[in-house]
Amino acid sequence: MEFKSSAIFGLILVLASFSNALYEDQVGKFDWKLSFIGEITHSALDEKSSRIFVASKNNVIAALNAKDGKIAWRHVLESGVDGVVQSLNVGAEVVTVSGGGPFIVRSWNKSSGLLVNEWSTPLDLPIDGLWALNEQKVYYLRLNGNSVEVSNYHANSGSPAGPTKKISAPAQVSTTPSLCTMFDSSLACVSDKTLALITIGDNVPVAKSWDLQESSGNVVKLSNVGNGLLVNRVSGPSQVIYFDSTGKLVQVNVNDASKVALIKNGGAAYLVTIASSNDGHLTAEYQVMETKKTSKQIISHKFPLAVPKLISASCFAAGDEIPNCSTLVTHEDEALSLINKGKLLWLREEALANVASVEMVDLPVSDEEATLEKELANKGVDSSLTSGVIGMLSRRLSSQIIQLHHLVSAILGLIDSSSTASLSGSPVKDAFGLRKLILVSTKVSKIFAMDNEDGRIIWQKYLGQDVVPFRSIDDVVTPIYILRSARHIPYSTMATILFKERTTDNLVLYVFDPVTSSTAGGGLIRMDNKMLQCLILPEPNEQYISGLMLLMAGGQVQFYPPSTEKVAVKLADKLYMYTADPTTGHFNGYRFMVDPEKSSLKSERVWNLALPEKLVALAGKRREEHVHSQGRVLGDRSVLYKYVNPNLIAAATVSPDSASKSVLDIFLIDTVNGGIVYSNTHKRAFEPVHIVHSENWIVYSFFSEKSRRTELVALDLYEGIVQRNTTEFSSLYAPVDPMVKRQAYIFPHNIVTMKETITEKGITSKHVLVGLSTGGVMEMPWVLLDPRRSVMPTPEMREEGIVPYIPELGLPHESIITYNHTLESIRGVHTSASGLESTCLVFVYGLDLFYTRVTPSKTFDVLKDDFEYWLITAVLSALVTGAYVTKRLASRKALMLAWK
Amino acid sequence: MIHQSIFVICSLVPLIFANNESDIGSLKDDQFAFVTGKVFPPADLLSELWQSETRVYLKGANQKGFIREDGTFVFTNVPPGSYIVEVTHPKYAFEPVRVEINSKGKIRARKVNLVQTSVVNQVPYPLKIKAYSPIRFFQVREQWRVTDFLFNPMVLMMVLPLLLVMLLPRMMNDPEAQKEMEQFGNLTKYDMPEISEMITSFLGGNQQPKAGQRCIKPTKKNSKQASS
Chain A
1 MEFKSSAIFG
11 LILVLASFSN
21 ALYEDQVGKF
31 DWKLSFIGEI
41 THSALDEKSS
51 RIFVASKNNV
61 IAALNAKDGK
71 IAWRHVLESG
81 VDGVVQSLNV
91 GAEVVTVSGG
101 GPFIVRSWNK
111 SSGLLVNEWS
121 TPLDLPIDGL
131 WALNEQKVYY
141 LRLNGNSVEV
151 SNYHANSGSP
161 AGPTKKISAP
171 AQVSTTPSLC
181 TMFDSSLACV
191 SDKTLALITI
201 GDNVPVAKSW
211 DLQESSGNVV
221 KLSNVGNGLL
231 VNRVSGPSQV
241 IYFDSTGKLV
251 QVNVNDASKV
261 ALIKNGGAAY
271 LVTIASSNDG
281 HLTAEYQVME
291 TKKTSKQIIS
301 HKFPLAVPKL
311 ISASCFAAGD
321 EIPNCSTLVT
331 HEDEALSLIN
341 KGKLLWLREE
351 ALANVASVEM
361 VDLPVSDEEA
371 TLEKELANKG
381 VDSSLTSGVI
391 GMLSRRLSSQ
401 IIQLHHLVSA
411 ILGLIDSSST
421 ASLSGSPVKD
431 AFGLRKLILV
441 STKVSKIFAM
451 DNEDGRIIWQ
461 KYLGQDVVPF
471 RSIDDVVTPI
481 YILRSARHIP
491 YSTMATILFK
501 ERTTDNLVLY
511 VFDPVTSSTA
521 GGGLIRMDNK
531 MLQCLILPEP
541 NEQYISGLML
551 LMAGGQVQFY
561 PPSTEKVAVK
571 LADKLYMYTA
581 DPTTGHFNGY
591 RFMVDPEKSS
601 LKSERVWNLA
611 LPEKLVALAG
621 KRREEHVHSQ
631 GRVLGDRSVL
641 YKYVNPNLIA
651 AATVSPDSAS
661 KSVLDIFLID
671 TVNGGIVYSN
681 THKRAFEPVH
691 IVHSENWIVY
701 SFFSEKSRRT
711 ELVALDLYEG
721 IVQRNTTEFS
731 SLYAPVDPMV
741 KRQAYIFPHN
751 IVTMKETITE
761 KGITSKHVLV
771 GLSTGGVMEM
781 PWVLLDPRRS
791 VMPTPEMREE
801 GIVPYIPELG
811 LPHESIITYN
821 HTLESIRGVH
831 TSASGLESTC
841 LVFVYGLDLF
851 YTRVTPSKTF
861 DVLKDDFEYW
871 LITAVLSALV
881 TGAYVTKRLA
891 SRKALMLAWK
Chain B
1 MIHQSIFVIC
11 SLVPLIFANN
21 ESDIGSLKDD
31 QFAFVTGKVF
41 PPADLLSELW
51 QSETRVYLKG
61 ANQKGFIRED
71 GTFVFTNVPP
81 GSYIVEVTHP
91 KYAFEPVRVE
101 INSKGKIRAR
111 KVNLVQTSVV
121 NQVPYPLKIK
131 AYSPIRFFQV
141 REQWRVTDFL
151 FNPMVLMMVL
161 PLLLVMLLPR
171 MMNDPEAQKE
181 MEQFGNLTKY
191 DMPEISEMIT
201 SFLGGNQQPK
211 AGQRCIKPTK
221 KNSKQASS
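Read top to bottom, the protein sequences are chains A and B.
Residues 1 to 900, numbered by the UniProt record's numbering, are exactly what the first sequence covers, in order.
Residues 1 to 228, numbered by the UniProt record's numbering, are exactly what the second sequence covers, in order.
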């Protein structure tokens, strides 16, 4: 015990020098957080508390303020099928039924969101039943063909409230789940000509039936629309059925393309119809059924509104005028909006709760800098003397006048120099390259461009339902490539996002300018084949576009833009690709040869590799990564050279084993020659496995069942004391066998995701950002993971700055870069280099989005933001005045002396 | 370290027994347990609605628990295994507890020790989770203080020689010593122009008069000294 406490004390001393935490006054200065819910599946508008209670596909239950759409409270239920919300009911409390085996019934306080009651149903309830909730009872309905079994429970304790009743349905209808729904505490079932209602309650169940007006087509679906029922038919119009104030059944035909809700309030019935028009507007139509009074409004937003998918409404009559309805609309692109009195009150982009891929894009320079760049670029191009000299002079003069104007206005304070907005109003690059555009693509194939300063959405684009993301090992991914950066004025930035077609799985490219969102010369490009792998060419063409090389199913090679094939032909003998099938663990390696007749490329498989099990994690290196230092200087002044193999990937498999339950295998594979460089086995190791791979090191984490804790293993690869080739690395000519240093550590938290920091030139030391299951992101210095840490460090090691080995990686709370924010269900961290070598931009995504900056080696290249300008100005001016005063005094004294 | 010698292997909340008659999969034959406990907030949180910011996690399981107004929480339908119950709050750190559920549904709780996993340090169940320290997420910014400035080694290095230069001559009021000093000064006086003055006169040719003035000064001084 003594040893442990002293060890921890030592660790804290050591860590004090590594941690560079935030100061309290920096909160919110360069970080922001946005919270989301996900795509809404259940919703209820509560007029009394002016709140909207929702449940989402991300297993979230939340209360939103109806006024501004802000989240009042939010709870994330169990992940996966265990947390799927089956039913939501708002009475005095919010009651939810969730799960998919044993169901859990929970009731929540409406204002504070705290749990009031929680109980679980028996384990043997099948998932396909219906739930009906009211203040006292919870009913579970199991439909089997021609009868209904109703089990009932007390709402606050979960104890059975009487025996399970079996009710037989009227002969004209069959109780199949798609043709039945809950309707005002009774079960409604419909057949082609009949509507039957079976009351479910404490009384003796009554089954009543009504004849429907004849109409063409068989019924395919019955759904509940507020206080009415919607009947969808194979052909012919859909109908809304409701009972008017006298209890008479009313049938109304409605348009299939629109979404309807029927609301009864105070004896009147209102039909709300929300339809989409082609130009991104919605039309909202309100009709009072009794008087047939109709009002119609066009709803518009600064971004186009997608087709509505699900609506719920609440209405009340405002005198004798048009009804006053609030309508909550879930759009096809997962956006959620509230329409009140024909106006869009607010809109939440819930697609951002399901981010698939992220990229940070450099912004173009401002207009005046662009003119300067143009001037420099045109030098030497103009051959004619007059236009050359005079033109250049005039351009120089004009650009300098603009610069002078900006300087003067900045000094006079007319323009805030920090807010660098160009004339067109879109954001432009700042001096340090800290301002970037966060390009986000989501699971629902909606693309967002966000300003990294405040998370504002600059533009967005919904690509429709027929493009879907690719599947990766345990998530979805839409690869984003920047084909041309903002550096090449006058060419605009060019980016592409890869999707696949929903029905055919064929490749779909979306090519656009991420700064302006224009799709000139691009847009949605559909390929006629599936893609196996994609590579961005290492060299650009003469228009500065780095082409995409696409390996299609069947082995042929395509290019986007097709003109970049020339570049690839030149580089053909240096291009290699690999494909990995995560479900089987099979790898294939390809090389490319020039077809002499057509001067095009064709692929040839050169190696294949079969790992024993399916992959659980795979990590390569980042293309934009720079390794600044080729080696490590040891204590004895010799250099240990790093094994920096750009073709190396790390793959992990978990296989069941009879003796040790589960075995984790790690393989380091050279993807050019297909050789396994290193492999390692951990017994009794379980998922989740996360890998970070950068420079010459790999860090992976797994759950050790033996000691029931998360362990982190760091591998460090070195070529040795001599470097074989100082200029470039080759996997082909007599590959080197790296020496591998490895060390394992105990990590006291559960890891959700890991990512390394990246900087412009790779000079700054690397930190590993670890997403924790408790909703924080921890910044772990790589020095602590260094496999060369030793229990008894020698004096040479101390000189090198190696920290003594301690098994547990306990980090102080200062190293949590999200400080007191809790980010729910973190799914990934994206890091990007800024223009400053010291600074790395971090974007964390999950149910919440969080952006911040980290400085792994502190801000060594820029003055700290708490730099005391006033103090230094005061000191300098004091010194200057002091110098003058003493000069005066000295001369006076000299004069006096001279007179004596 | 007080080792708790007596502990009760808890008479737990009755579990939901799986109906073995049905054809439910093997996973559901296990006896699910409830993990219950109570969070005790520090005194200064009692005034606010601390429950809404406090979260409980059952690490290693998919089950979720939520805090009620009285601070209690329950994890429903937890399968047998070993889990860590962790409570988080933006301002306070809470001690995590390891909870072990055996195949019969019995629960025991112990302190989390990730390094020495075999050490059992039992804690009572149902769990009582207390805050142990406030969390410091932020660094404390250094403030400018006069004492810091004065005791800065650089400042001390400058101030001490200054004292020596300014005060020592004053302290030596002894006339004999002064005479000696003067003699010593006369000895070291050479009729050589100073190098710095040579350079200034060389570089700034037009500043002759000033240079002249400067040249005169010492001579006058010297003559005065000589006369006195």
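A hint or two may mislead.
Label-pair distances were calculated between CB atoms; the ranges are [as the list claims (entries may be wrong)]: (1) F149/B - E705/A: 21 to 27 angstroms; (2) F149/B - V633/A: 23 to 29 angstroms; (3) L150/B - G635/A: 26 to 32 angstroms; (4) G28/A - F149/B: 30 to 36 angstroms; (5) V165/B - W899/A: 40 to 46 angstroms; (6) K128/B - N680/A: 20 to 26 angstroms; (7) K128/B - T283/A: 56 to 62 angstroms; (8) E197/B - V885/A: 32 to 38 angstroms; (9) L168/B - L889/A: 51 to 57 angstroms; (10) T859/A - N152/B: 21 to 27 angstroms.
Please keep in mind that the hints were generated in silico from the structure rather than gathered at the bench.
Only a predicted model underlies this, so the values are computations on that prediction, with no experimental measurement involved.
Glycine residues also receive a C-beta, built at the ideal position from the N, C-alpha and C atoms.
Against the structure, test the hints numbered earlier, and report the numbers of the ones violated in rising order.
1, 2, 3, 5, 6, 8 and 9
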